[in-house]
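K.L.:
Residues per chain, in single letters:
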Amino acid sequence: MRASQGMPKRSPLGAWLDRKQDLFISSILLVVALSAISGLVVITAFIFKEGLPIMLQVGVGKFVSSSDWYPAEGHFGIFPMIMGSLAVTAGALVIGGVLGLGCAVVLTQFCPRWAVSILKPSIELLAGIPSVVYGFIGVVILVPMIRVHLGGPGLSVLASSIVLGIMMLPTVTSISVDALQAVPKAYRDGSIALGATHWQTTRMVILKASRSGLVAAMILGMGRAVGETMAVIMVAGNTLDVPDSILAPVRTLTSNIALEMGYAAGDHRKALFATGVVLFVIIMILNTIALTVSRRRSRRKSGA
Amino acid sequence: MMSANNEMHKVDHIRCSHVGEHCATSPGPAKIVVRDFHAGFGETQVLRNVSLDIYPCQRLAIIGPAGGGKTTFLRSLNRLNSLEHDFRHSGSILLDGQDIFASNVDVARIRRRVGMLYAVPIPLPLSIYENLTYGPRLAGIRDRHRLDELVETSLKSAILWDEVKDRLREPAHNLSGGQQQRMCLARVLALEPEVLLLDEPCSGLDPISTAKIEDALDELKSRYTVVLVTNNTKQAARASERTAFFLMGEMIECGPTAVIFTNPRHGRTSDYITGHFG
Amino acid sequence: MASEYKRYARALWLLAMLCACCALSGCRRNTAGGVNVMGSTSIQPFAEVLADEFNSRHPSSRIDVQGGGSTMGIQSVTNNLAQIAMCSRELKSSESRYLKPIIIALDGMAVVVHKDNTVSNLTREQVREMFVGNITNWSQVGGEDRPIRLITREEGSGTREAFAKLVMNNQRVSRKALTQESNGAVKELVRGDRAAIGYMSLGLVNDEAKIVNIEGIVPSTDNVRNGSYPLVRPFLFVVRMGAVLSPAAKEFLEFVLSPQGQHLLVEEGLVSVL
Amino acid sequence: MTRQAISNPLHADEGADNGAPPPQINAPRHRRQLRIPPDVAQRIVVGGLWAIAMSAVAVLLFIIVFIMVKGLPHVTPEFLLQAPAKGGRLGGVSPMIFGTIAVAGLAVLIAGPIGVITAIYLTEYTRESKLTAFIRFGADCLAGIPSIIFGLFGFVFFADTLGLGISIISGALTLALMVLPTIIRTSEEAIRAVPAAFRDVSFGLGSTRWQMVTRVVLRSALPGIGTGIVLSIGRSISETAALMLTSGMVARHPSSVFDSARTLALHFFTLSREGISMPKAYATAAVLVLAILMINLLAYWFMRRFIARVR
Chain A
1 MRASQGMPKR SPLGAWLDRK QDLFISSILL VVALSAISGL VVITAFIFKE GLPIMLQVGV
61 GKFVSSSDWY PAEGHFGIFP MIMGSLAVTA GALVIGGVLG LGCAVVLTQF CPRWAVSILK
121 PSIELLAGIP SVVYGFIGVV ILVPMIRVHL GGPGLSVLAS SIVLGIMMLP TVTSISVDAL
181 QAVPKAYRDG SIALGATHWQ TTRMVILKAS RSGLVAAMIL GMGRAVGETM AVIMVAGNTL
241 DVPDSILAPV RTLTSNIALE MGYAAGDHRK ALFATGVVLF VIIMILNTIA LTVSRRRSRR
301 KSGA
Chain B
1 MMSANNEMHK VDHIRCSHVG EHCATSPGPA KIVVRDFHAG FGETQVLRNV SLDIYPCQRL
61 AIIGPAGGGK TTFLRSLNRL NSLEHDFRHS GSILLDGQDI FASNVDVARI RRRVGMLYAV
121 PIPLPLSIYE NLTYGPRLAG IRDRHRLDEL VETSLKSAIL WDEVKDRLRE PAHNLSGGQQ
181 QRMCLARVLA LEPEVLLLDE PCSGLDPIST AKIEDALDEL KSRYTVVLVT NNTKQAARAS
241 ERTAFFLMGE MIECGPTAVI FTNPRHGRTS DYITGHFG
Chain C
1 MASEYKRYAR ALWLLAMLCA CCALSGCRRN TAGGVNVMGS TSIQPFAEVL ADEFNSRHPS
61 SRIDVQGGGS TMGIQSVTNN LAQIAMCSRE LKSSESRYLK PIIIALDGMA VVVHKDNTVS
121 NLTREQVREM FVGNITNWSQ VGGEDRPIRL ITREEGSGTR EAFAKLVMNN QRVSRKALTQ
181 ESNGAVKELV RGDRAAIGYM SLGLVNDEAK IVNIEGIVPS TDNVRNGSYP LVRPFLFVVR
241 MGAVLSPAAK EFLEFVLSPQ GQHLLVEEGL VSVL
Chain D
1 MTRQAISNPL HADEGADNGA PPPQINAPRH RRQLRIPPDV AQRIVVGGLW AIAMSAVAVL
61 LFIIVFIMVK GLPHVTPEFL LQAPAKGGRL GGVSPMIFGT IAVAGLAVLI AGPIGVITAI
121 YLTEYTRESK LTAFIRFGAD CLAGIPSIIF GLFGFVFFAD TLGLGISIIS GALTLALMVL
181 PTIIRTSEEA IRAVPAAFRD VSFGLGSTRW QMVTRVVLRS ALPGIGTGIV LSIGRSISET
241 AALMLTSGMV ARHPSSVFDS ARTLALHFFT LSREGISMPK AYATAAVLVL AILMINLLAY
301 WFMRRFIARV R
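Residue numbers (the numbering used here), protein chains in the order written: chain A, 1 to 304; chain B, 1 to 278; chain C, 1 to 274; chain D, 1 to 311.
Hints in this document: simulated from the structure, not taken from any laboratory.
Just so you know, even glycine gets a beta-carbon here, dropped at the ideal spot from N, CA and C.
Hints may be right or wrong, so weigh each one.
Claimed, not checked - Residues from chain C that face chain A, not an exhaustive set, calculated with beta carbons under 7 Å:
(1) Asp116
(2) Lys176
(3) Glu181
(4) Pro247
So that you can see chain A by itself, here it is in the shape it has in the complex (with noise of 0.2 Å):
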């Protein structure tokens, strides 16, 4: 015991309480953690106890596939929704995700220290900037601008896009610097120093070091896109058409809750309500696809 003497000694209670001081901490944590998630269930229970009935009372497939929506008759299906709220995630993740991660790579891979301070608080303040104000500036300088050099009625795929691109960038860009910078240095210069250069080094070892975190960030940046509602409905034409070109108008489902939510009673109320239920559905596809792809991919990566 003699080299101990210096620690202070703990009462029995103590340090009975210190034994057991994981499993108190860890039961409050527990509890912290469970009222979180039981917000977030009783959020998604809400939405499919007010949305479902009236889905499975017109039928899913029906409801999903027909193109009637005329909810003072009673028609209600949402297929042109859909396909407008995949048209426009798809553009935004091209946009978004190439900046995002361009953005990334180069914060982490080959930006000096000085303009990293630049850079980054300014792609983060992009994330602050209020989607009504991205809504706005769409409105009054990019639909005007499509418009008079692209033509269509610049309300379009094209339009919602290129905005909600640049709403999903800083979602994008700090989840894959995060995701970037967990990459240990050694990898970078264990490959720099087989002769690689900076660039193959970033392609062949970092990106694919980090692609669990990139794939979050996509997912998060998608999730961004295909949830948001001001800004879109601003910039998307909300017309009832399937899109047929990236400059026709468009409407995606949070447009379609979003625009008509304020004023629908009864069944109209319950049918956006379902349309959540679709979203909910829709983001809920899309991230198991990502996340099987970046688990699959990972595994045979680890097996090779």
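Place chains B, C and D on chain A using the hints.
P.N.:
Just chains B, C and D now, kept in the frame of chain A:
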């Protein structure tokens, strides 16, 4: 197996009386007694039937080829393995006669008494001073002077004090690799542990840093029970009183270092020491 | 260093606790003099003007104007979250069983086109055929050769319902119509697109867009009031039937229907019900 | 093509398999076909990436400059200090500034600790299991639900069922629910990125799990967690749809958290979309953007100080 153990005890006692001049106290009863210890993770069996005594104020070197269970054994001695959810074990490890796997044991206290130094230096993302006081603070020491004193003595013991005494507030990352490892040693010493577990502490270091660490350990041996896992048989020969040879999860043999290195009883031991495999 | 960091943390905690305490001590839902008015976003700006004036005249009472949409307003009145709902559509039959509508003003609806559009008069028939999708080019109604771009309001909005009833004879609006969620949005689109046609609240049109005469009638306030201009919708305040309104709410309703209140609304571009 | 060019130096013996002479890194010009030498590829790609990054910054600058040029001339001291009048056509935005701070601040104060604790629990206190995967999955899905639905939920649940009324606290709770998935996910990623060795060392030095979490893990994960929280503050400040139904539209200084308050974003939305007053709308946007600029700079400054101290 038991009889072999008993035999070894005898040998050890004899041996210990020979090396008594290294030890401040005479080798009393074993500090750590390991009996029939089996361990593994999930389905994988890592250690089989290890029985071993570790005596106070002696340095025990554990050698053997990779995958032999040396590190698992070491990490069992301060229950770090228990952090793995699929860790399982049987048999007993007694520290001063107390079973460290008993349910009423304060694990944190065990880990304070049995300090560990890792193969690579792992400075916590704190300043040097905070790194060193991390353990003592957790143990409840708040007194500023006492902490300062601990920092100084442990840094001196790790032969690092002169190099860092003016930069204690700097992030520990700024130190060189060898300095980091000595800081990690000092960090363990600041806990005033009874047993020191060293997991290939010099594997990543240059010869000069290695020499400094070994010097530090040499000064410490009079005060601490040391268990040293190493791949470097020369280091084992230099820096230990006793040596145990682990192979494929089993302890093949254990005895005074001089005996193991000159006249091992098992063919596999001599094969390993002479570099025929591993 | 660690203790310094801890001190920061402790200070922060204290601050947070202090904030929480302040917030909790302020815990009083004073519904005493407060009246919630909630509902249609198109009536909301007008109601705010009324409430401002009323609040400055009666400093003891407080009128809170919320948005949210007509249905939210009605739901709030039903659930007692608000005493008065603003509704820019007519009540549904299920709602009118237990709710009482009060017309506070009339709103003319203007059919608007781009400033440079040469068309300045349309019949109701023509507007309907455009919005149904049978007339697709401005040249068909005497304008330039340019495809027509329709701008409508969202399903369920009061403006749209009035338009559907007064112009469309309840025929469906073309699927190709762009849908906008507010008067300002319609105006912004019409301002910038030479091919566009839309409809919006008369009181909110300014010189950025051109108002088309309907059946030769100029949509002036007088023409709205005397009924010769056909596109008119009511703005409603809705209360629960048989509900006991607080004195403040009653006074507010009286104020809205009084000459002073109506004068305010006329100033804002609406048409008085007096 | 690029791929080949790139993969060559690392797999230098690839060419030998095809019977070609072993490629030499110093003589890339003599390779088959169109092949971009790695150093040139590097330059092209890096140039492209920089262009991308710069375009992002350009967009940001454009937005800020546009809003400032249009709005700042209308931002006067009176505008900042007065309440609006005539439905926003006159007066200023002081109640909205206050309301924004109250709603967004409260939301992050609620969601921040809960989210981080949940992330800690998920990463440090449970094993990876079906349940944790499910929770993560659910959080990801909820991140994409449009805010109007959160708003409706908040209206029905917080304002009506819990009887909190249309108030700052209802709005803050709703916002907290909205940003919770983001905070949980970003904190989780940040905590996961902390080297496992730190945990080992901390335990080895006799810490309990909680001490390990608070003293080591959270400290090194702080920048990542901070990023998530700053993102959430941004989202809270810029939210409109959910707040319209929960914290309301009253343009007056609230006297307690049970009062309704209109946020700047909502004010801007009403002004611009109902076409009430463009100058005031631009001025409101300018104030909003300036506020966000300040918050971000402040957060960034704090973070840098902290990192400088830790690393």
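K.L.:
For each hint, tell me whether it holds in the structure or not.
P.N.:
Cross-check of the supplied hints:
Interface restraint check for Asp116 (chain C): the shortest CB-CB distance to chain A comes to about 14 Å, outside 7 Å, so the restraint is violated. Given hint, Lys176 (chain C) at the interface with chain A, holds; its Cβ is 6 Å from that chain's nearest Cβ, closer than 7 Å. Hint status for Glu181 (chain C) relative to chain A: holds, with the closest Cβ pair at about 5 Å, below 7 Å. About 30 Å separates the beta-carbon of Pro247 (chain C) from the nearest beta-carbon of chain A, more than 7 Å, and the hint is not met.
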